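Protein chains in written order, with the numbering used here: chain E, 1 to 190; chain U, 1 to 190.
Where hints are given, some of them may not hold.
Note that the list lumps identical chains together, so a pair holds whenever it fits in one copy or between two copies.
Claimed, not checked - Cut-off 30 Å, straight-line C-alpha distance, at most; resulting in silico cross-link-like pairs (DSSO-like, lysine-lysine): (1) Lys81 to Lys101; (2) Lys21 to Lys81; (3) Lys5 to Lys112; (4) Lys5 to Lys101.
Just so you know, these hints were derived from the structure itself, not from any lab. The structure displayed is predicted, hence computed values, not measured ones.
Here's the letter readout for the chains.
Number of protein chains: 2
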Amino acid sequence: MELLKQRILEQGEGIGSDIVKVDMFLNHQIDVELLCEIGKEFHRLFAAASINKIVTIEASGIGIACIAAQYFSVPVVFAKKGQNKNVGSDVYTANVHSFTKGTDTVIGISKKYLHADDRVLIIDDFLANGEACNGLIDIIERQAGAEVAGIGIVIEKGFQLGGQALRARGYHVESLAVIQSIENGNILFG
Amino acid sequence: MELLKQRILEQGEGIGSDIVKVDMFLNHQIDVELLCEIGKEFHRLFAAASINKIVTIEASGIGIACIAAQYFSVPVVFAKKGQNKNVGSDVYTANVHSFTKGTDTVIGISKKYLHADDRVLIIDDFLANGEACNGLIDIIERQAGAEVAGIGIVIEKGFQLGGQALRARGYHVESLAVIQSIENGNILFG
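Same shape as in the complex, but just chain E (with noise of 0.2 Å):
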């Protein structure tokens, strides 16, 4: 998506060798125009796959698919973080570990509102390892049975594995912009 790489390279920030912060227009603050642009080429991408739902990860994945929940009509679960007394005890979780941070978190998702007949597109602002992926697709697909239609990524990391990964269990994985490398501060998509 040529207008999200330009705005990666205008206002991004690349840092060492795997960091690139988009906190500009991203996951800060946040340019809800561009974000309108992100949710129809999402639903551009995933329009076949007759999804009923978009699952996604708090904090920044919210927004993005929110935007991007009106051009298909379908409602949003994000799954929160760590132990929260407000999703009650009927939740389904996974483990997610961060390589980024060295930390492990648990995410939930209420069983109310996964069912076996549901067929989901997971949305997420980055797509790195796949740790965070990984965790939804359990929750999904091994815990409540349903089918994750689609996997729809801002930003991926070509030169981390877990889209490569992903895609070879035959998940339909859209990256809108794919950066393959960071240089001395260059941004290059692959």
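Model the placement of chain U on the given structure of chain E, informed by the hints.
Just chain U now, with coordinates in the frame of chain E:
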């Protein structure tokens, strides 16, 4: 907002005397169609406030703020919870005490995304004791020198004193549903 009150009565769950669970449509599963009506209503109520930015707190405020922002054509900035290295060191912070959870949380907004000439609409899902709002006001007004031009709340707990105190300080607070009491599972509006 009748549509919202109706939904709270149909799908909300009153627990004890002070908790209302709306995770069916607002803060776990999100009915984006309802969110659009909420966003339009906020726009109607604050159209004259000449805002240029919406500020909220992760996580459940983000979807509401992003959908509403479309009708104002302004960006969203969400305060991050906890110490987050991705925000950087140049951050306004405030301490938010939660009476419900009995915990203290640091919230932070990068100095890059708040300026002295900003006219901010604060949006959040709930207003109870007003601690989250007070933290945001401290960041926006006292620290950044900007102006809070309005506070838009989806559900206010009218039996707690946050809204009353904010209005007494002169803030333009609009709550789309004000709950007066919760008794034996029954939710009564003010």
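Taking the hints in turn, this is what the structure says about them:
no.: 1; hint: Lys81 to Lys101; result: both (15 Å within a copy, 15 Å between copies)
no.: 2; hint: Lys21 to Lys81; result: both (22 Å within a copy, 18 Å between copies)
no.: 3; hint: Lys5 to Lys112; result: between (38 Å within a copy, 22 Å between copies)
no.: 4; hint: Lys5 to Lys101; result: within (25 Å within a copy, 41 Å between copies)
Hint violations for this structure: none, all hints satisfied.
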